[in-house]
Amino acid sequence: MAKVPVQFTLNGSEKAEFVESGTTLLHALRDKIGDTSPKGGCHQGTCGACSVIIDGELRLSCLTLAETCNGADIKTTAGLAEGGMLHPLQRAFLDAFATQCGFCTPGMIMAAKVLLDRMPNPSREDVVEALSGNVCRCTGYEPIIQAVLTAARANSQNAA
Amino acid sequence: MAIRRGRGVAAINYPTGMNLGGDPTQALVHSTPTGNFMVTLSSVDLGQGMKQIMAQICAETIGVPTDRVVVDTADTDTGPHCMGTFASRGTHRAGNAVIQAAREARQVMLEVAAEELEVNASDLETDGQGNILVKGAPQKSMSIFDVALSAHFKRGRSISGRGMFLIPRSYPEKETGAMKPSTCYAHACTVAEVEVDDETGEVTVLTVKNVFEIGRALNPKMVEQQLVGGSWMGISHALYETTEPYYPNRDHGGTDFNQYLMPGLGDLAETEIIVLERPSADGPFGAKGPGEMCANPQIPAIANAVFDAVGVRIDALPITPERILRALKAQAAG
Numbered sequence: 692m693a694k695v696p697v698q699f700t701l702n703g704s705e706k707a708e709f710v711e712s713g714t715t716l717l718h719a720l721r722d723k724i725g726d727t728s729p730k731g732g733c734h735q736g737t738c739g740a741c742s743v744i745i746d747g748e749l750r751l752s753c754l755t756l757a758e759t760c761n762g763a764d765i766k767t768t769a770g771l772a773e774g775g776m777l778h779p780l781q782r783a784f785l786d787a788f789a790t791q792c793g794f795c796t797p798g799m800i801m802a803a804k805v806l807l808d809r810m811p812n813p814s815r816e817d818v819v820e821a822l823s824g825n826v827c828r829c830t831g832y833e834p835i836i837q838a839v840l841t842a843a844r845a846n847s848q849n850a851a
Numbered sequence: 002m003a004i005r006r007g008r009g010v011a012a013i014n015y016p017t018g019m020n021l022g023g024d025p026t027q028a029l030v031h032s033t034p035t036g037n038f039m040v041t042l043s044s045v046d047l048g049q050g051m052k053q054i055m056a057q058i059c060a061e062t063i064g065v066p067t068d069r070v071v072v073d074t075a076d077t078d079t080g081p082h083c084m085g086t087f088a089s090r091g092t093h094r095a096g097n098a099v100i101q102a103a104r105e106a107r108q109v110m111l112e113v114a115a116e117e118l119e120v121n122a123s124d125l126e127t128d129g130q131g132n133i134l135v136k137g138a139p140q141k142s143m144s145i146f147d148v149a150l151s152a153h154f155k156r157g158r159s160i161s162g163r164g165m166f167l168i169p170r171s172y173p174e175k176e177t178g179a180m181k182p183s184t185c186y187a188h189a190c191t192v193a194e195v196e197v198d199d200e201t202g203e204v205t206v207l208t209v210k211n212v213f214e215i216g217r218a219l220n221p222k223m224v225e226q227q228l229v230g231g232s233w234m235g236i237s238h239a240l241y242e243t244t245e246p247y248y249p250n251r252d253h254g255g256t257d258f259n260q261y262l263m264p265g266l267g268d269l270a271e272t273e274i275i276v277l278e279r280p281s282a283d284g285p286f287g288a289k290g291p292g293e294m295c296a297n298p299q300i301p302a303i304a305n306a307v308f309d310a311v312g313v314r315i316d317a318l319p320i321t322p323e324r325i326l327r328a329l330k331a332q333a334a335g
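One line per chain: the protein sequences are A and B, in this order.
Each residue of the first sequence is one higher than the one before, starting from 692 at the first, in our numbering.
Each residue of the second sequence is one higher than the one before, starting from 2 at the first, in our numbering.
Read the hints as simulated data drawn from the structure, not as lab findings.
C-beta atoms are modelled at their ideal positions from N, C-alpha and C, and glycine is treated no differently.
Mixed in with the good hints there might be a few duds.
Claimed, not checked - Covered stretches of chain A (chain B as the covering partner; in silico rule of three or more C-beta atoms under 8 Å from a C-beta of chain B): (1) 741-755; (2) 788-796; (3) 827-834.
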């Protein structure tokens, strides 16, 4: 099968790859580009572990074809830390013991980031709604909810 | 037809590890040239925190800060033998093996320091900060860094130790059948409150209040994490999880995890966790295994709460709306 060129911005840097037509963005990111922060859980759009941010929207990279991402601005959890400093969401997940096996964590953090970008002071119900497309086996979810609320408070204190 | 409320209680004993012909775990501990310590295991860290706990246990035994210990796990090609990470056995079995290995390494370390300081090894102690001191004369001391350099470059010693923890196989007594299939029991009790819709059979768990007796909590925050997640998983076992949802015919069963139900973020019950610490006699620093135990008491507590709410005993899991409605129908038919 003929390969197709794709070009996009990943966490601020330009990426160009040739992929087989029909390749998912998840496969392109993990196996072509080497960003393994999005995880392949169900590969059918139900678990949320592969979540990434495309042009500001939360997307499932397992259901997104790489060739549809030409020119897109893509963000993953691997690009969150700046200058060796963890993003407030990453810090909050660590401090709240909101990760155990870690498989769902990057997807959870992407979903939480889109929420906080749009709604800096979410209620508990807002967090539950925003993360309801992401499943976790280990934590019982409560520590994750608390981590997102803590990160939101930390952000608003920094802004004030 | 109404929403009916019920409350149930259940208490459990839960064994640490198991005994199918013996339950061994081995550990090796050695010093690097600069006096850091390496723990080698075949045991697996699934995310439950095995590496952190084994580093704490090794550091406490040798007398160094935890960040001076590196734990290498889960290479069964090259590591010492371990039965595996299951049956809540990791902390207890591997922890005991690490203590034994670390004690042997500590003894060599003290012997080397004793030669350097020209005292008896029995007169030496560690300060927990990376130094070895002469008891009663702490001005006479040596860093573990220097002890390791001396051992490796001058004295020709390997600061290392071997650990082996084995629960031997227990054979049943011929007359009575009595045997000891497991050791070191943890305990738990849960009170669950539920609402049952007797028209649809749906169960909503309102609260679960759990008390866990887990020996000594070697890392209290990680214990809490395990117990909170486990309590949620117990609710999941009680009401949702099965590979054959709702149908008696296997052909109607789920084909992948999309049809394997678990409660999500919107289905959380108010959860309370209380930890009781009763150090075990044979556990590493008194620890037991809280791993699987914490996901068990919710199941009978919820079954009892359903009985309290609508008067039917569901004795198969999960407690699905269909099973409740069938039981209510049978009850009405009398």
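Hints, one by one, checked against the model:
Figure legend: the segment 741-755 of chain A, annotated as covered by chain B; annotation inconsistent (0 residues with Cβ-Cβ distances under 8 Å, at least 3 required). For a cut-off of 8 Å, the count of residues in the segment 788-796 of chain A with a CB near a CB of chain B stands at 5, and the three-residue condition holds. Given a C-beta distance limit of less than 8 Å, the hint that chain B covers the segment 827-834 of chain A holds, as 7 residues qualify and 3 suffice.
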